[in-house]
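Asks: Residue strings, one per chain:
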Amino acid sequence: MRGFGGLGHRILGGVETSRRIGAFTLITLGTLATKFGTSSRVIRPLVQQEILRSGVKVLPIVCFLGMALGLVIVGQTVLLLVQVGQTQLMGPLLVTVVVRELGPLTVAMVVLARVGTAAVTELGTARAVGEVEALEAMGIDPIHYLVVPRLIGFTVSIVSLTVYMVMTALLAGYLVAFLQGFPMGLGEYFRVIADAVSWVDFPLLALKTLAFGMLTSLIICYHGLAEAMRLEDVGHATTKTVAHTMVACLFVDALFLPVYFLI
Amino acid sequence: MEPPVIEMLDVTVVHPRSPRLPLITGVNWKVAEGECWVVTGLQGSGKTALLETAAGLHPYLGGEVRVFGVVVPGNEGGELEKIRRRIGMVFDGAGRLFSSRTVFENVALPLCYHGNHGLDEVADEVMEFLARFGLAAMADQPAGRLGRAWAHRAALARALILRPGLLLVDNPLTGLDASHSRWWRSFLLELLAGHPKFGGKPMTLILATDDPRALLGVGGRFAVTHGGRWRCVGGRSEFEGCEDPDLRDLLHDSD
Numbered sequence: 001m002r003g004f005g006g007l008g009h010r011i012l013g014g015v016e017t018s019r020r021i022g023a024f025t026l027i028t029l030g031t032l033a034t035k036f037g038t039s040s041r042v043i044r045p046l047v048q049q050e051i052l053r054s055g056v057k058v059l060p061i062v063c064f065l066g067m068a069l070g071l072v073i074v075g076q077t078v079l080l081l082v083q084v085g086q087t088q089l090m091g092p093l094l095v096t097v098v099v100r101e102l103g104p105l106t107v108a109m110v111v112l113a114r115v116g117t118a119a120v121t122e123l124g125t126a127r128a129v130g131e132v133e134a135l136e137a138m139g140i141d142p143i144h145y146l147v148v149p150r151l152i153g154f155t156v157s158i159v160s161l162t163v164y165m166v167m168t169a170l171l172a173g174y175l176v177a178f179l180q181g182f183p184m185g186l187g188e189y190f191r192v193i194a195d196a197v198s199w200v201d202f203p204l205l206a207l208k209t210l211a212f213g214m215l216t217s218l219i220i221c222y223h224g225l226a227e228a229m230r231l232e233d234v235g236h237a238t239t240k241t242v243a244h245t246m247v248a249c250l251f252v253d254a255l256f257l258p259v260y261f262l263i
Numbered sequence: 264m265e266p267p268v269i270e271m272l273d274v275t276v277v278h279p280r281s282p283r284l285p286l287i288t289g290v291n292w293k294v295a296e297g298e299c300w301v302v303t304g305l306q307g308s309g310k311t312a313l314l315e316t317a318a319g320l321h322p323y324l325g326g327e328v329r330v331f332g333v334v335v336p337g338n339e340g341g342e343l344e345k346i347r348r349r350i351g352m353v354f355d356g357a358g359r360l361f362s363s364r365t366v367f368e369n370v371a372l373p374l375c376y377h378g379n380h381g382l383d384e385v386a387d388e389v390m391e392f393l394a395r396f397g398l399a400a401m402a403d404q405p406a407g408r409l410g411r412a413w414a415h416r417a418a419l420a421r422a423l424i425l426r427p428g429l430l431l432v433d434n435p436l437t438g439l440d441a442s443h444s445r446w447w448r449s450f451l452l453e454l455l456a457g458h459p460k461f462g463g464k465p466m467t468l469i470l471a472t473d474d475p476r477a478l479l480g481v482g483g484r485f486a487v488t489h490g491g492r493w494r495c496v497g498g499r500s501e502f503e504g505c506e507d508p509d510l511r512d513l514l515h516d517s518d
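Sequence order for the protein chains is A and B. Read in the numbering used here, the first sequence has 75 at position 75, and its numbers run on one by one without any break. Position in the second sequence counted from 1, then plus 263, gives you the numbering used here.
Just so you know, the hints here were simulated from the structure itself, not pulled from any lab data. This structure is a prediction, so every number in the text was calculated from the model and none was measured. Backbone N, C-alpha and C fix where the C-beta goes; we use that ideal spot for every residue, glycine too. Hints are not guaranteed to be accurate.
[Unchecked claim] If you want the ones that stay clear, here's a sample from chain A, every Cβ over 10 angstroms from chain B, calculated: (1) Phe4; (2) Leu7; (3) Val82; (4) Met138; (5) Pro183; (6) Leu207; (7) Leu231; (8) Met246; (9) Val259; (10) Phe261.
[Claimed, not checked] Which bits of chain B does chain A cover? Going by a derived footprint, with three or more residues having C-beta under 8 angstroms, they are: (11) 295-309; (12) 347-355; (13) 371-379.
When you get a sec, could you build the whole thing from the sequences and use the hints?
Replies: Next comes the structure, spelled out in structure tokens:
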């Protein structure tokens, strides 16, 4: 009974956290809409800084992981399909695994690990030492100054990095297969993959990566800013951020499954 | 007629981290334009919370707080932000500067944000301002590397850059050496007399301190927080002559 009680407690806690993150999201989107263009000379450089930090600087590791993914998964899958004489499945398989699932999810996780944890520590520390109150005291909306640039920056970065991740994985996969005698030219390889891509895949991929970017940034900012915090709570906030972001991204990923089944 | 700069009516000031925990009850206080109030009390008596409540940064239980005639909080959004631009707040210690940004960036931020300017556009004005505060040579240093006394001075520069009508300073002289203390006292007196840089009008000042002796020559009016209660004592002579044992505790360190 105690086990069920604990489970119930955790579920209710999860629902409450989701509700709060939802409220935080609405406040942030409201701020984004009402203050769009306000203090642009201050906010724009902050957005650029976030894109540099969560996008440009993460690009090398994303390309490296894309190559690893290509070498380990794509290359082997392609060769296996050749061995069993099922090369017609190559396109749908790679589109489903790399383009629709692994690409966006891996990028979201990389950005979370590489930049997100640092961001939540930075925001949590700012909250704990009173820098957020100092902003408020100057009449600067902390959501506008601290959250909006991260929301835009992380979202743009995750959307863009996913394209790089997918392309690198597919290229590296072809390279491995080619070196092991894969009987197909690069042009034909990409034509097979392109044939397997439906037009709906593009808006869906954009939607999914947008959702991952927004979720990641909002959960990071929520845990860093939304609750009163002492310095010793910052580590705990970082751990919670990682767990909540992973669960949220997987949940959103699962929501896309029925749509993909219908395609 | 101009409304009081700050008006508190039967306000209960709460703990900043526990909004249900009262720190000071029954605060009735009117601050008129150009007055200088020294709010004193023992450490932990709620002076900082009172200042932050007056700046509209904290909720309170019961009563009503009006700043420049507007109820705060309660006018969230644009109205509250406008009011906050008319208030300069210098926090305790290192002044809560953004430690990773330079002194120049810290002081320029309110100007850039509210005026939608780039840093280069406000450079002359900010550098002139920093020079007035003796900070010009430290403009490019990260604020986190400043000593406490200089950081506190930089926080004062940041609080004044928008030319506010009301300045709230938490523990202005705590931990300062004689030279910095002299500078602060003389600068506060200049503000009170009407500094030409700030429109020549006497600025309304509220200074919180746990050692009121150092500010006896600056403050015009004195108030005390003690044991969760609030008391406006009056001018310097009433304050010094008060026979209340709690007040005597604050003014004299020998038995």
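Asks: For this structure, which hints from the list above don't hold up?
Replies: 4 and 11
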